[in-house]
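Q: Listed here are the chains, written in short residue letters.
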Amino acid sequence: MGSTILDQLRRDKITDLLKQGKRLDGRALDEQRPLTIETGVIPKANGSARVKLGNTEVITGVKVQPDKPFPDLGDKGILICTAEILPLADPNVEPGPPTEDVIELARVVDRGIRETEMIDLHQLVLLENKSVVGIFIDSSVIDSAGNLFDACSYASVAAVLSSTIPKYEIKDEAPVLVEGVTSKPPIKTLPVSVTMARIGDNIVVDPSREEEECMDARITITTNSEGNICALQKGGNDGFSVDQLIKCSEMALSVGTKIRKRFEQLM
Amino acid sequence: MTEDGIRCDGRRVDQLRNISIKVGVLKNADGSAYIEFGKNKILAGVFGPRDVHPKHMANQDTGILRCRYHMSPFSVTERKNPAPSRREIEISKVLKEALEPALILKDFPRTVIDVFVEVLQADGGSRCAALDAAAVALADAGIPMRDLVSACAAGKVADRIVLDVNNEEDQEGQADMPVAIMPSIGKVTLMQLDGILTPEEYKTCLQTAIGGCRTVYEIQRKALVEKYFESGAQ
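Residue numbers (our numbering), protein chains in the order written: chain A, 48 to 314; chain B, 668 to 901.
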C-alpha cells in the first residue's frame with residue numbers, strides 16, 4: 048500500500064466521497080469499469096483472450112491436450128486454471144514462487160469455472176479411467192490495476208468460448224490426434240464472477256486498485272446462466288454482515304447478467 | 668439420506684457432529700487447543716505477540732498475524748505429501764483473514780502473533796474445525812480479542828440444506844459453504860462456497876451455517892471456562 052502524502056489523501060478522498068454515495072472515478076456503486084474482450088489473440092493456443100477491465104489487463108490462453116484422468120475421476124476430462132501476475136504487471140511483484148495472494152487468485156478463478164460446471168467434462172473422456180482430454184486455462188496478468196479476480200475470470204471464460212477442441216482417437220489404448228478435425232468445447236452454462244469491496248458501510252462493484260487499498264473486506268461471487276450462486280470467496284482483513292452478504296449476492300446476479308450478454312456474443 | 672432426513676452418519680439435517688475442545692494442551696505454546704469435530708482431530712498452537720522474524724516483515728504501526736494450516740501426511744486416506752499444497756496455502760490465508768477482525772493488532776506494533784494449526788486427522792470441514800480451535804487457542808494465550816470466532820459449514824446434500832457437511836457428504840453433495848462469524852458482533856469473517864445454490868437456498872444455507880456457528884460458540888466458551896474457572900484450575 049502506498050504511503051506517500053498523496054496516497055493518504057487519495058484514501059481519505061475515496062472514503063469521504065463514498066459517504067455521499069460517490070466514487071473517485073465517477074462510477075455508480077454497482078458500475079464496473081469499461082470491459083473490452085478480444086479473442087483469438089494467440090493463434091498457437093487452442094483458444095485465447097485479451098481482456099481489459101479499466102486499466103487491468105489479462106491475457107489468457109487455453110491449451111487442449113490428452114492426459115490421464117485423476118484417479119478418482121476416471122469418467123471426466125481434466126480442467127485446470129492457473130493465474131500469474133507477471134513481474135512486468137506491477138512494480139511490487141517479483142519473480143519467484145507464487146505468493147498466497149496469487150494462489151488464491153488462481154483457485155478462485157478455477158472454482159468459478161469448475162463449480163458452475165461451465166464445461167461438460169464427461170464429454171472429454173477418450174477411454175474411461177485411461178485417457179481423457181485436458182483443458183488447461185492459464186491467465187497472465189500483464190497490467191495490474193485492481194480486481195484481478197474478475198479480469199482473470201472473464202479472460203478465462205472468453206478464452207474457453209473461443210477455443211476449439213482437437214479430435215483424438217484411441218489406438219492401442221493411446222490417444223492419437225486426428226488432423227484437421229476440431230469441435231467447439233461442450234459448454235453448459237456461462238459463469239460470471241463479480242467482485243465487490245466493502246469500504247465502511249458501502250459495497251462497491253469492481254474495485255479499482257485505489258479502492259482496494261482502502262477496502263475493509265472483499266467478496267467474489269460467481270453465478271451461472273440459470274441465476275444460481277455457484278462459488279464464493281470472502282477475502283480481506285474484516286468481515287460482512289449477513290444483510291451485506293445477501294445484498295452482495297443480489298448485486299452479483301444483476302451485474303452478472305450484463306457481462307453474460309457479452310459472453311453470449313462470443314459464442 | 669433417508670426420507671425423514673436422517674443422514675449417512677445418522678444425524679438429522681440440522682445436527683452438528685460431536686465436538687469436544689480441550690484448552691491448554693501444549694506446554695511450549697503461549698496458547699493452545701485441541702478439537703475433535705466428528706472425525707477431525709486438530710491441534711492449534713499460538714505464539715506471541717513476539718518479535719518478528721524475518722525483521723523486514725515487522726510493521727511499525729501495527730502487529731501482524733500469521734497463520735499456517737497444515738495437514739499431517741497420515742491425516743487422510745492416501746498419504747499426503749508433507750510439503751504445503753496450494754489448497755493449504757489458500758486455507759492458511761482465509762483462516763488468517765477470518766481471525767484478524769477479532770484481534771486488536773494495533774495495540775502490538777512491531778510484533779507478530781503466529782497461529783499454527785496441525786490437522787492430525789481430516790474428515791470434511793477441517794478448515795472450520797481448525798478455526799474453532801485457533802480462536803480458542805488465541806483466547807488461551809491471553810491475547811485481547813473483540814470476540815471469539817466460531818465456524819461451521821452448511822451445504823446442500825440430496826437437494827436439502829444440511830448443517831455441518833461431513834467428508835462423504837462433501838464428496839457426493841451439491842454444495843458446501845464454510846462460514847465463520849464473530850457471534851456477539853454478528854460479523855461474517857470467513858465465507859466460501861463451492862456448488863450450485865438458488866438465491867433462496869443461498870440465504871437458507873447462510874442462516875443454517877450461522878446457527879451452527881452459534882452452537883460451536885457455546886462449546887468454545889465452555890471449554891475455556893472448564894480450564895480457567897472450574898475446580899482444578901490453577
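Bear in mind the hints are in silico, worked out from the structure with no lab data behind them. For each residue, glycine too, the CB sits at the ideal point set by N, CA and C. Treat each hint with caution, since some may be false.
[Unchecked claim] With a straight-line Cα cutoff of 30 angstroms, these simulated BS3-like cross-link-like pairs (lysine-lysine) come out:
#	chain 1	residue 1	chain 2	residue 2
1	B	K773	A	K60
2	A	K123	B	K747
3	B	K694	B	K763
4	B	K747	A	K177
[To be verified] Computed from the model, here is a short list of chain B residues facing chain A with C-beta under 8 angstroms:
#	residue
5	G705
6	E757
7	L787
8	S851
9	M858
Q: Confirm or reject each hint.
A: Results for each hint:
For the hint linking B/K773 to A/K60, the alpha-carbon distance of about 23 angstroms falls within 30 angstroms, and the restraint holds. With a C-alpha separation of about 23 angstroms, the suggested pairing of A/K123 with B/K747 holds against the 30 angstroms cut-off. At roughly 23 angstroms between alpha-carbon atoms, B/K694 and B/K763 fall within 30 angstroms of each other, so this suggested pair holds. A hinted pair counts as satisfied when its Cα atoms are at most 30 angstroms apart, and B/K747 with A/K177 qualifies at roughly 23 angstroms.
At its closest, the beta carbon of B/G705 sits 21 angstroms from a beta carbon of chain A; the interface hint therefore is violated under the 8 angstroms criterion. At its closest, the beta carbon of B/E757 sits 5 angstroms from a beta carbon of chain A; the interface hint therefore holds under the 8 angstroms criterion. Residue-level restraint check for B/L787 is violated (minimum Cβ-Cβ distance to chain A is 23 angstroms; threshold 8 angstroms). Because the beta carbon of B/S851 sits about 13 angstroms from the nearest beta carbon in chain A, more than 8 angstroms, this interface hint is broken.
Residue-level restraint check for B/M858 holds (minimum Cβ-Cβ distance to chain A is 4 angstroms; threshold 8 angstroms).
Hints 5, 7, 8 from the list above are not met by this structure, while the remaining hints are.
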